[in-house]
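Participant: Each chain, written out:
2 protein chains.
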Amino acid sequence: MKDLIEFLRIPSVSASPEHAGDVRRASEFVHDWLAAAGLEHVAIIEGRGHPLVYADWLHAPAKPTLLLYGHYDVQPPDPLEEWISPPFEPAVRDGNLYARGAADDKGQLYILMEAVRRVLRERGKLPVNVRFLIEGEEESGGDHIEEYVKARAGELSADAAVICDTAMFAPDLPTLTIGLRGIVYGEIHVEGARTDLHSGDYGGAAPNAVEAAAQIIAALKDRDGHIRIPGLYDRVRPPSDAERSTWKRLPFNAEVYRKTEIGSTALAGEPEIPLFERIWARPTLEVHGIRGGFTGEGSKTVIPARSVTKISLRLVPDQRPDEVIGELESAIAAAAPRGVKATFKLLSSAPASMVDPSNPFVRKAAQAMQKVFGNETVYVRCGGSIPIVGLFEEKLHAPSVMMGFGLPDDNIHAPNEKMSVRNVERGIESVIAYFDLASAAD
Amino acid sequence: MKDLIEFLRIPSVSASPEHAGDVRRASEFVHDWLAAAGLEHVAIIEGRGHPLVYADWLHAPAKPTLLLYGHYDVQPPDPLEEWISPPFEPAVRDGNLYARGAADDKGQLYILMEAVRRVLRERGKLPVNVRFLIEGEEESGGDHIEEYVKARAGELSADAAVICDTAMFAPDLPTLTIGLRGIVYGEIHVEGARTDLHSGDYGGAAPNAVEAAAQIIAALKDRDGHIRIPGLYDRVRPPSDAERSTWKRLPFNAEVYRKTEIGSTALAGEPEIPLFERIWARPTLEVHGIRGGFTGEGSKTVIPARSVTKISLRLVPDQRPDEVIGELESAIAAAAPRGVKATFKLLSSAPASMVDPSNPFVRKAAQAMQKVFGNETVYVRCGGSIPIVGLFEEKLHAPSVMMGFGLPDDNIHAPNEKMSVRNVERGIESVIAYFDLASAAD
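Those sequence lines, one after another, are chains P and H. In terms of our numbering, the numbers along the first sequence are unbroken and rise by one, the last being 442. In terms of our numbering, the numbers along the second sequence are unbroken and rise by one, the last being 442.
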């Protein structure tokens, strides 16, 4: 663990310009480590944004090639005062390693790196071919890796991508993530009067751009979480019976989830749809904030002339982002009240992605984890989006094998991030077992 | 005009702590000016906030006493770059005096002060008794004057209050404002999850506090501007036939108003109600802004856990603020979606006020203005709130005579504020004529 602790000491916060040197130092750490482990073609790849690290070992002819993905950058550690031990001074307590990046993603990237090093040291060779492709701006939305994969798809041939950046559903329950939601993220811009006006003089005559945003939001989604955008559900593919039955058997207490994870008086969302289907397999619409008017202390009687609403839709198979954008634009225009102009400005979009659970590379990952953990591997989905997964599928035609060894309470993106020490070791053993299984003919 | 120009040079911005010395200097200017004009008991009255200036002349036994109100503070001048001549360097162009405070309210306060000085100088006495009560925090919401009037009501006896702080409906059209809307201003606080959550992980399970605010707003007011708060319209007193017929005859072009004053593609508000009734005699609800979630540049996929919505209702006769607050609280609670707690936090309230147009002090003001301007005086209302009017009514039992000499295009609270030089002189003549008419028996 000594190497991991050294890796975690580097405050490689990719979103902070003042940490640019640390981010580079982390890329060099990975580069030097992989070179020392016996990887070849080890390179720091420069581009717009933070560098990528590439390395490969391609001496297993006729065996599959695995693309091993991870990221060496971390989230900002704020609020610092809530950390029990400082975020960049790794500390072990109760079998957990506490540090920013312990689970997301240095600890899990280390699992991939250490698995390769251990096999090379012990056997002198790997049972499969591997390529590492490691990025440094996953937490800051950079697109260096996207540009690289698009430009170099021909040189990155792989049979499957292995991503260690997700979590297990519960302790001791090996988990493969086989579905991710897509996203359409943008802004609703509303324009009303020529300028903010006084509500005494003009209340009853002037349109209100914040109220108009509220009317539009209320028209797009009803009080029960049903999206009211015509056509939006048309292509939604329901989860298979197998998935539904797996999800029903997951160890889960909705009341504990409501109290400890959400902390609200009730759960939201479509009441007639089971929870896992709501968060994994149903499109959802969320407003992230509204800018406009007066929000300071005290009273100001302004009728806002402009508003900007941050909004996103999470997409599921088989929704198409371009279609959804068109439907959303039409719904916004139709919902705009008299006197305002409302338009949608797209910021980003990505389709949902699904891995076929019967794909041999996925099945073998499940077998490998089951062997190490002693429990049957469950297949779940993730409500979030990992755009790189769609890219590997589209450009490399490689299914993503998301073997995650984090735990739900790892506090990623929050103070006191941790990683189970035992899961690091079990993760390494699982990846090694996977190499052997992937190497064998079906 | 020399004195007015000197008065306008003082940047008495009451909302800016760095102008505190200037605000005091303006109070001293008024004090010294009134003392030099022959007023008595001239005093700067200290209290919480900026000082009041008091002065009187009470040597007309058996004649009415008029309380003359104005304010010597001004709005901030920002944005400075939009001023053609600097805001505190008064300049005359095309018959208008340009300066911050030219119309609101130094120029109009000067009308009252100069009318008194001119009569005292020319006749050695006034035909009525007068008390000046002038404040320095009208533009910053201070309550020094309110506390003073409440505490000293017994010493401030007056038959009517004269307020020169409103505008004429159109050039050459003498105008008396006889109605003001009241207000209930507060915040809707919404609480959802324990903290902001990631919309990928929790979209479909966690309540969204900004969306809940939008749902509540949409429930409180429909797309056509009808307020949907049960009971809210019950006490609304429709304008009299006389008022309605006056309003119909006002010189007004709705299309020009929409284009130049509002600048939107259509007017808002209850479509079946005529415009003047909407803005003067109907309750309206406006949202001033929503705080919560992410509103910066770029994309952040947060589900906001908290939101604060600034909201106000304008009230008309005979609505009662306490009743309205109760109705609003109930409507907010009823509109809150599953999983959130929504409460209303009151910041301020004031009832609407109406002056009886048949009151002799009001009628005589109309006659005085008509004599000077040569046109029949129109009675209008104002959609805004001037809390001091309700206070004079309640504590002094004095009707407010709102003789305004500003014009609709005076740019009060905006760059290039101005006052018609001719209206300053006509205002002085109107006030002098009013003193004489008020002095005569009915």
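The reader is advised that the hints may include incorrect statements.
In the SDA-like style, the derived pairs of lysine to any residue whose C-alpha atoms are separated by at most 25 Å in a straight line are [claimed, not checked]:
hint : chain 1 : residue 1 : chain 2 : residue 2
1    : H       : Lys300    : P       : Lys248
2    : H       : Lys371    : P       : Leu80
3    : P       : Lys341    : H       : Gly296
4    : P       : Lys150    : H       : Lys341
5    : P       : Lys259    : H       : Val308
6    : P       : Lys150    : P       : Gly384
7    : P       : Lys300    : H       : Thr343
8    : H       : Lys371    : H       : Glu81
9    : P       : Lys248    : P       : Glu261
10   : H       : Lys300    : P       : Asp143
11   : H       : Lys341    : P       : Glu270
12   : P       : Lys300    : H       : Leu391
13   : H       : Lys300    : P       : Leu80
14   : P       : Lys259    : H       : Gly296
15   : H       : Lys150    : P       : Lys248
16   : H       : Lys345    : P       : Thr65
17   : H       : Lys248    : P       : Asp224
These stretches of chain P come out as covered by chain H in the derived footprint (C-beta under 8 Å, 3 or more residues) [unchecked claim]:
hint : stretch
18   : 52 to 65
19   : 133 to 147
20   : 201 to 210
21   : 222 to 232
22   : 261 to 268
23   : 330 to 343
Bear in mind the hints are in silico, worked out from the structure with no lab data behind them. It should be emphasised that the depicted structure is a prediction, and the values quoted were computed from it without experimental measurement. All C-beta atoms in this analysis are idealised placements derived from N, C-alpha and C, irrespective of residue type, glycine included.
Participant: With reference to the structure, classify each hint as holding or not holding.
Facilitator: How the hints compare with the structure:
Distance restraint check for Lys300/H and Lys248/P: the Cα-Cα separation of roughly 31 Å exceeds the 25 Å cut-off, and the hinted pair is therefore not satisfied. Annotation: proposed proximity of Lys371/H to Leu80/P is violated, straight-line Cα distance about 73 Å (limit 25 Å). About 22 Å separates the Cα atoms of Lys341/P and Gly296/H, which keeps this hinted pair within 25 Å; it holds. In summary, the hint linking Lys150/P to Lys341/H is not supported, as the alpha carbons are separated by about 47 Å, beyond the 25 Å threshold.
The hinted pair formed by Lys259/P and Val308/H meets the criterion: a straight-line CA distance of about 23 Å does not exceed 25 Å. The straight-line distance between the Cα atoms of Lys150/P and Gly384/P is roughly 22 Å, inside the 25 Å bound, and the hint therefore holds. Simply put, Lys300/P and Thr343/H have alpha-carbon atoms about 20 Å apart, close enough for the 25 Å limit, and the pair holds. Using a Cα cut-off of 25 Å, the hinted pair Lys371/H and Glu81/H is violated, with the two alpha carbons roughly 41 Å apart.
For the hint pairing Lys248/P with Glu261/P, the CA-to-CA distance comes to about 19 Å; that is within 25 Å, so the pair holds. Distance check on the hinted pair: Lys300/H and Asp143/P sit about 16 Å apart at the alpha-carbon level, within 25 Å; holds. Note on Lys341/H and Glu270/P: the hinted pairing holds, with a Cα-Cα distance of about 19 Å set against a maximum of 25 Å. Distance hint between Lys300/P and Leu391/H is fulfilled; the C-alpha atoms sit about 21 Å from each other, no more than 25 Å.
Restraint check for Lys300/H and Leu80/P: satisfied, since their Cα atoms lie roughly 21 Å apart, inside the 25 Å limit. Proximity of Lys259/P to Gly296/H is assessed by CA-CA distance (about 30 Å); at most 25 Å being required, the pair is judged violated. A hinted pair counts as satisfied when its Cα atoms are at most 25 Å apart, and Lys150/H with Lys248/P does not qualify at roughly 68 Å. Straight-line distance between C-alpha atoms of Lys345/H and Thr65/P comes to about 62 Å, which puts the hinted pair past the 25 Å bound.
Simply put, Lys248/H and Asp224/P have alpha-carbon atoms about 46 Å apart, too far for the 25 Å limit, and the pair is violated. For the stretch 52 to 65 of chain P, the stated coverage by chain H is violated: 0 residues have a C-beta nearer than 8 Å to a C-beta of that chain, whereas at least 3 were required. As drawn, the stretch 133 to 147 of chain P meets chain H at 1 residues by the rule of a beta-carbon pair under 8 Å; below three, the given contact is violated. Against chain H, the stretch 201 to 210 of chain P contributes 9 residues with a C-beta closer than 8 Å to a partner C-beta. That satisfies the three-residue criterion, and the hint holds.
Under a criterion of three residues with beta carbons nearer than 8 Å to beta carbons of chain H, the stated coverage of the stretch 222 to 232 of chain P is upheld, 3 such residues being counted. Residue count for the stretch 261 to 268 of chain P with a Cβ under 8 Å from a Cβ of chain H: 8. That meets the three needed, and the coverage hint holds. Only residues whose C-beta sits within less than 8 Å of a C-beta in chain H count toward coverage, and the stretch 330 to 343 of chain P has 5 of them, enough to reach three; the restraint holds.
In terms of the numbered hints stated before, the structure departs from hints 1, 2, 4, 8, 14, 15, 16, 17, 18 and 19, listed from lowest to highest.
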